[in-house]
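There are 2 protein chains.
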Amino acid sequence: MYAARRARLRERCHAGGSAGALVSRAANVRYLAGAAPQGAVLLLGKREDLLVWAGPEDDRLPEGSRPDEALRVHALSAPGGDPAVAAADLAAAQGAESLAVEEHHLTVARHRAIGSVAPRLRLADLGGAVEQLRLVKDEAEIACLRIAAEIADQALGELLESILVGRTERHLALELERRLVDHGADGPAFATAVATGPHSGRRGHRPTDRRVEEGDFLSVCLGAVYRGYRCEIGRTFVIGTSPADWQIELYDLVFAAQRAGREALTPGAAYRDVDRAARQVLDSAGYADRLPELTGHGVGLEIDEEPQLAPAAMGKLDACVPVTVEPGVHLPGRGGVRIDDTLVVRPEADGGPELLTITTKELLAL
Amino acid sequence: MYAARRARLRERCHAGGSAGALVSRAANVRYLAGAAPQGAVLLLGKREDLLVWAGPEDDRLPEGSRPDEALRVHALSAPGGDPAVAAADLAAAQGAESLAVEEHHLTVARHRAIGSVAPRLRLADLGGAVEQLRLVKDEAEIACLRIAAEIADQALGELLESILVGRTERHLALELERRLVDHGADGPAFATAVATGPHSGRRGHRPTDRRVEEGDFLSVCLGAVYRGYRCEIGRTFVIGTSPADWQIELYDLVFAAQRAGREALTPGAAYRDVDRAARQVLDSAGYADRLPELTGHGVGLEIDEEPQLAPAAMGKLDACVPVTVEPGVHLPGRGGVRIDDTLVVRPEADGGPELLTITTKELLAL
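Residue numbers (the numbering used here), protein chains in the order written: chain F, 1 to 366; chain B, 1001 to 1366.
You may find that some hints are simply not true.
Unchecked claim - Not everything, but these chain B residues come out facing chain F in the computed CB check (under 10 Å): (1) A1003; (2) H1105; (3) A1312; (4) G1315; (5) A1319.
These aren't lab readings, by the way, just hints derived from the structure by calculation. Glycine residues also receive a C-beta, built at the ideal position from the N, C-alpha and C atoms.
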């Protein structure tokens, strides 16, 4: 599988006029090599492919990060060396004349160091070629995402059964992260957001010491990592028995926007049209100036991958692309609502989009 | 305070021939601006200083990240823009002819985008100028580190009072992180390492599902963030009533190495001499081929700052530089010992190095 991915990348490199490629972005290395020990880079060389890394003290790869067996591993002997520089040196020694590097990941300083160690190597830009390969997932990848989503659903479900009033955002977030690990996650997919009262509905809210109060909106966004794959779920609840009218109205509105976004997920749909489907519901209700930059994004080995579901995004959805749909409205001083699912784009004939995060989207009063 | 830091940086820029500077590395932005909202960059401009950022949905800076009031904040209007590119554009509009950028942080792609938007701006390299300013801490910074260390000591102390046998590394790590937050940390300073049995003594060990067993070494490394400042403590314990002879011998050896390192911390001491003091104890006991790349490093707004206490490090310690001293030995298949403190270098007249992490370094049998 990893060898097949590398073969596809190599084709693209050759088409772009480069004999080899140096992949340095961690998620890209993992995608192509099966593992990405800290700082490791992947060299698609003229003669062979190499995983180059600095090596830990005891010269063993850490558990759970074994690379593809077909790949030769090259550990640097001198401490403090840059694997990217060493890999470029090896490429030059193999007789390569050109090497495509990830200019969107390498710093100017590292790029210059590569140029100094291998002055005859012509450095080209690999651009987002690996990110493009990563966009459409195979069924093994989707299976990991499905398990990650199940874990997040379980952690969230357990939280809802516990007493919430009086507990701080910070503690609820930590408890959710512990439950993710309890249920088999490698860890949280991103910093868990728990937002109460006036904080609710803010995207990426960092938990504070504010405590849950009666009458609050409570919005929670969390995700699990499973074998490297990251999902995302977000829900908003109301605390106490009787939501206020404005809360019910706002919830229904965001729910309608999120449903419209989900229903727009079909192979061939333009990214911007999916965004518009969700956005125009909020827009026509008078929230045009409060709208998020995007209403969804791809997930996979990173939590925020391509595509972006946003007004200016270019491109069309393919089948087997997992994305989030997560519109929200936040009213400063009052709070707001965010509803977020991870789904996989599937053709109509296969039943349409596959919902991975299945926790109810009714407005629960807790 | 922040204005004074910016003034010092501006002097260095002028001395280097640049009229202004663009600071993009988050910890550097925070150091100079008092806050670093996600993606924000700091422009030391010709006419004024600006914090440029993409802005959240609701156009407010997140709580707890208010920048210095003397600084003008410029939020980008268009979504998806790069604050670094926008800042360079503003610098050019202010009439700047040159701008020093952080080439060790900016990617090749961002650097090129800056060049395109402001083609007449001569881009120079700011190098590690801000990192150099950050090296010596003021007393307000040390006060934050002292509190961070207290929090880590408390979290570790509580863990030692609980039952450990049968619990997994992963759960112990999560519990420690929860306790850090309980005691007022903003969060963990880095991924908490809990290593049992054969894993013990490995630097940066990622917790697994292995459970604590009788007779194990248990090594723990954790730290708290307090107001952005990060400390580190590492201890090794033995599980059960009677440590084996090899465990006592190895512990005593690492303890002696760590003490030698601590005692070498004086203003004016070469980084490499501090490293050698600790290293030669392990070396002369026959562990020359098992030694870590470094035996300590600076801490502050990042957990792994300059200086490095390593054989090839250049430079000398100043007073008020906080560093870790953390030698260790790991024997593959058996385990090992690591002892790690955070200390502040102080002159002899002030009592010598100030130990921030005060948990006992006796070999406790738990």
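Taking the hints in turn, this is what the structure says about them:
no. : hint  : in the structure
1   : A1003 : violated (27 Å)
2   : H1105 : holds (6 Å)
3   : A1312 : holds (7 Å)
4   : G1315 : violated (15 Å)
5   : A1319 : violated (27 Å)
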